[in-house]
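Colleague: Here's the letter readout for the chains.
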Amino acid sequence: MMARFEPIIGRYMQLDLFGRPHRIYVEEAGEGTPLLCLHTAGADGRQYRALMNDRRVTVRHRVVAFDMPWHGKSSPPAGWHEEEYQLTSARYTDMILTVMSALGLEKPILIGCSIGGRIALHLALEHPGRFRAIIGLQAGAHVDPYYDLNFLHRPDVHGGEVCGAIVSGLVGPDAPEAERWETLWHYMQGGPGVFKGDLYFYKIDGDIRSRIAEIDTRRCPLFLLSGEYDYSCTPDETLAVARSIPGSEVTIMKGLGHFPMSENPDAFLGYLLPVLEKIAG
Amino acid sequence: MLEALKERVNNDSALVRRGRFLSTTFLLEVGATAWLIAIYEGRIVSVTRGPFVMPSSSFALRAPADEWEKFWSGRPPPGSNDLMALIRRRVLRAEGDLKIFMAHLRYFKEALAKLRPAGASA
Chain A
23 MMARFEPIIG RYMQLDLFGR PHRIYVEEAG EGTPLLCLHT AGADGRQYRA
73 LMNDRRVTVR HRVVAFDMPW HGKSSPPAGW HEEEYQLTSA RYTDMILTVM
123 SALGLEKPIL IGCSIGGRIA LHLALEHPGR FRAIIGLQAG AHVDPYYDLN
173 FLHRPDVHGG EVCGAIVSGL VGPDAPEAER WETLWHYMQG GPGVFKGDLY
223 FYKIDGDIRS RIAEIDTRRC PLFLLSGEYD YSCTPDETLA VARSIPGSEV
273 TIMKGLGHFP MSENPDAFLG YLLPVLEKIA G
Chain B
67 MLEALKERVN NDSALVRRGR FLSTTFLLEV GATAWLIAIY EGRIVSVTRG
117 PFVMPSSSFA LRAPADEWEK FWSGRPPPGS NDLMALIRRR VLRAEGDLKI
167 FMAHLRYFKE ALAKLRPAGA SA
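Protein sequence lines correspond, in order, to chains A and B.
Going letter by letter, the first sequence gives residues 23 to 303 in our numbering.
Going letter by letter, the second sequence gives residues 67 to 188 in our numbering.
In case anyone wonders, no lab produced these hints; they're calculated from the structure.
Check each hint, because a few of them may be wrong.
[Claimed, not checked] Once the Cα atoms are required to be at most 25 Å apart in a straight line, the calculated DSS-like pairs of lysine-lysine come out as:
| no. | chain 1 | residue 1 | chain 2 | residue 2 |
| --- | --- | --- | --- | --- |
| 1 | A | Lys225 | B | Lys165 |
| 2 | A | Lys225 | B | Lys175 |
| 3 | B | Lys175 | A | Lys276 |
[Stated by the list, open to error] To give an idea of the interface, some chain B residues facing chain A are shown, with a C-beta separation under 7 Å as derived from the structure:
| no. | residue |
| --- | --- |
| 4 | Arg115 |
| 5 | Gly145 |
| 6 | Asn147 |
| 7 | Asp148 |
| 8 | Met150 |
| 9 | Ile153 |
| 10 | Met168 |
| 11 | Ala169 |
| 12 | Arg182 |
[Claimed, not checked] Sample of chain A residues lacking proximity to chain B, with all beta carbon distances greater than 10 Å (derived):
| no. | residue |
| --- | --- |
| 13 | Ala100 |
| 14 | His149 |
| 15 | Ser190 |
Quick reminder that beta carbons are idealized off the backbone N, C-alpha and C, glycines included.
Let the hints inform the model, and build the full structure from the sequences given.
Modeller: Structure below.
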């Protein structure tokens, strides 16, 4: 039997980030308008596998997803073994803009989920001219810690087991079993302290509540899609963001959770495709 | 109703296998009613209803009865579908030595979800 290859091409990119050399894994599929995809905390670009395999998306979009340093197949920089990983707003922003330049992504559509949805709000505020449109999935302005984050990174608690178990309830009830457990597997594969380091941005450094009202959707259209069952970034929190940003468009996705593109791709595409149509004009 | 926990957990061989390094006793409070649940190597040994004079447990999970009722429904509503969702809404209080709870979090989530109607997912 012949192998059936997916249309996704993955490559490693040598890139200087924050003044240090990095080896970054990047995947892409399709041709057309660039669609840059940002994964959630503690996971990697595989969350966008369904978008890259869907002709309805790839026929008009160059879909690109990279694994952030420390995540997936992207290595941490040399010297990592003596450091504590912590994602900050400044570094996250710098990373995204540098990757865009390196890959020649001119005015991409940006789609980001969770921490990716949060940084999408930062980018909508600070760099609206760099994007054709911004789509925030599970995007809230702030989340208070609701459990002791230290449990995510201590040698006497298995990091993979606890990270997967922490987020398992964030998957919506209608997710197909295979996609639910694929999504959780990515969390179980994360390196020690990486999910926790991402949550430094999500729960502490990336708080944008005091500034979201300054986002100007005339400079860059903003779409917000949030899953009904997400208790990390709740529908109410996304609706609050939408209310404070004139011109933003918000949809609450029934039955979906915190990882819509990965946990239930078919249901998610039903919400995403009309947004892409609208952006195409 | 909590008595059913023993049989339902112990009949799930995959869940028992995942809990094989877990032996502890924890306290579960459903409103004013307290239960002590003893686990040995992933199998539920006993489910005992209070009141207790001096209950010993590694940790306690405490929530109002109506919150557990929603959690144990066939399709829990958003915010009630997971122990972490209840904790996030500050209606479930987890107290004590939570390292045991967190190290075996998947086990505790799936074990307590066993009290949902048959066929409902964890």
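Colleague: Each of the hints needs a verdict: does it hold here or not?
Modeller: Results of checking the hints against the structure:
Using a Cα cut-off of 25 Å, the hinted pair A:Lys225 and B:Lys165 holds, with the two alpha carbons roughly 22 Å apart. Between A:Lys225 and B:Lys175 the CA atoms are separated by roughly 24 Å; this keeps the pair inside 25 Å, and the hint holds. At roughly 23 Å between alpha-carbon atoms, B:Lys175 and A:Lys276 fall within 25 Å of each other, so this suggested pair holds. Interface hint status for B:Arg115: violated, as the beta-carbon distance to the closest one in chain A is roughly 27 Å, over 7 Å.
Look at B:Gly145: its Cβ gets to within about 6 Å of chain A, closer than 7 Å, so that hint holds up. With 7 Å as the threshold, the beta carbon of B:Asn147 comes within range of chain A, its nearest partner Cβ sitting at about 6 Å, so the hint holds. Evaluation of the B:Asp148 hint against chain A yields a held restraint, the C-beta minimum of about 2 Å falling below 7 Å. Because the closest C-beta pair between B:Met150 and chain A is about 5 Å apart, less than 7 Å, the hint holds.
The beta carbon of B:Ile153 comes within 6 Å of a beta carbon in chain A, closer than 7 Å, and the hint placing it at the interface holds. At a threshold of 7 Å, the smallest CB-CB gap from B:Met168 to chain A is about 4 Å, leaving the interface hint in force. The interface hint given for B:Ala169 is met, as the beta carbon of that residue sits about 5 Å from the closest beta carbon of chain A, less than 7 Å. Look at B:Arg182: its Cβ only gets to about 11 Å from chain A, farther than 7 Å, so that hint breaks.
At roughly 32 Å, the least C-beta separation between A:Ala100 and chain B is larger than 10 Å, which holds for a residue marked as non-interface. No Cβ of chain B comes within 10 Å of the Cβ of A:His149; the nearest lies about 31 Å off, and the non-interface call holds. Distance check for A:Ser190 against chain B: the nearest CB is about 7 Å away, which does not clear 10 Å, and the non-interface claim fails.
Comparing the model with each earlier hint shows violations of hints 4, 12, 15; every other hint is respected.
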